[in-house]
Amino acid sequence: MIELWQNWDLRYLAPAFIGGTGVAIVSGPLGAMMVWRRLAYFGDTLSHSGLLGITLALALHINITLGVCAIALLVALGLLGLQQKLLVASDTLLGLLSHTTLALGLLILATMERIQVDVLGFLYGDILALTWQDVGWIYLGGVIVILLLMRLWQSLLRVTVDPDLAQVEGVPVKRVQATYLLLLAIVVAVAIKIVGVLLITALLLIPATTARPWAHSPEKMAVYASIFGIISVMVGIISSHFWDVPTGPAIVVSSTFLLLITLCIKK
Amino acid sequence: MSPTPTPLIEVNQVSLLDGSRFLLQDISLTLQANQIVSLVGPNGAGKTSLVKVILGLTLPTTGKVTRRAGLRVGYMPQKILIEPLFPLTVQGFLQLGQTCSKPTLQAILEEVGVTHVLQQPLRSVSGGEFQRVLLARALLRQPELLVLDEPAQGVDLIGQGELYDLIAKVRERYHCGILLVSHDLNMVMAQTDIVVCLNQHICCSGHPDKVSRDPAFAALFGKTAQAVAFYTHRHDHHHDVHGQVITQDKDKHD
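Chains as they are written, first to last, in our numbering: chain A, 1 to 267; chain B, 1001 to 1254.
Misleading hints may appear alongside valid ones.
Said to hold, decoys possible - Listed next, the stretches of chain B that the computed footprint assigns to chain A, with coverage defined by at least 3 CB atoms under 8 Å from CB atoms of chain A: (1) 1047-1057; (2) 1073-1081; (3) 1088-1098.
Worth flagging that the hints you see were computed from the coordinates, not collected in a lab. Treat the numbers as computed from the prediction; the structure is a model and nothing was measured. Where a beta carbon is used, it is the ideal one built from N, C-alpha and C, also for glycine.
Hey, can you work out the whole structure from these sequences and the hints?
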């Protein structure tokens, strides 16, 4: 009887629930924007660069979230610059950067014998290991992202519709695009602990795609994406608790399951 | 009106290079208020490049573009691709970044002839309707200069005539300058004040009557040029966006 009761003691999951919810909230609008702007592969590249950020941060003894954020931002800005210089299709360029940074990260990780780190934890995330300090970082980053996003929302939508039209109408297109990349870099940095380097884009993409059939305006789609994200995080954490499966993949599979249900209900 | 009003836009000896290739060569032209200037030329003549330079989207390699201070520009791009996952209605599109009341929206859509699409998803409207919605957005800004890049693209022939008539009406109503890009000589010749014939450089320009007799114009467009020169189109009836006939006298069609 006592063991059965203990199984229902979910208190140790509180940081995971609260942190995961925070990440899901910011992922909603940002993920929707990613889908609209066809930046899914771009998000992948940013998150793969996250491993390089983590290892560099470990090597230099700086905060991991800051390290990831810095590297992701560098990669994002590098991409913007290179895209105008090189005559390479952008998916080629993304693949190039994505795998180079991932490989570099793994190499540096391998050379750091002293530091015992859980590589799988970085690749697939370890939300159950979230501390209250991590949760603090998530909400700090989250509030910054949401505030900036609210200020930029209309401009971003206009750039999404047509960059030239937006520019003619007086939207500072380059600055808006660069700021979006900054926001994406922040989200990647805070989300890496939740679902890991390999699965972050899923948390951005899948809830947004799920939200689409339910929404008739960009704003509704962004909010619904957050809600579907929160549900996925909850279901993922709970199933990982009861069936002892890794949480990150469980969250992603839950979100895919929500998408499938949606597709069945909505035509 | 003063005899020499400040031009809306003055393009002065502009050249644009892509590597060592000239996209535009030594272009000079002036856009005035209340005047329709048409930019014609074959594919690859640099029409869109010139429009982008005029709009300030591209910086010219040499030369200068002067805009009148505080100029309000309405722009209708050649094509806008809306991602299927982007849930934007026509109303949402028209209200992006600008606040306007529903009656204003209704009125502007009525002006361009597509009131029925207000609540529809932007993706689901037809080519002709989409062009009119784009025009509506440009007009909402009360433009002093309207730049239309291939406005009749993807619109059937009858719809094209309607669209060009609409553009002529817009000029009368808003007294704005209009820069019209087209490869459709028929329509252009009938409705414009100045034709600029572009093929990297300006081959010839001036009033349609004059341009159509210019040997450079004939050389650029070949035989089609003579066939269209004095086209003016007349309708005894006209069509709405769906191609349905609208007549004054309904009995005739019973």
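Do the hints match the structure? See the list:
1. 1047-1057: holds (count 4)
2. 1073-1081: With 4 residues close enough to chain A, the hint holds.
3. 1088-1098: The restraint on the region 1088-1098 of chain B holds, since 6 of its residues have a Cβ under 8 Å from chain A and three suffice.
In this structure, every one of the numbered hints holds.
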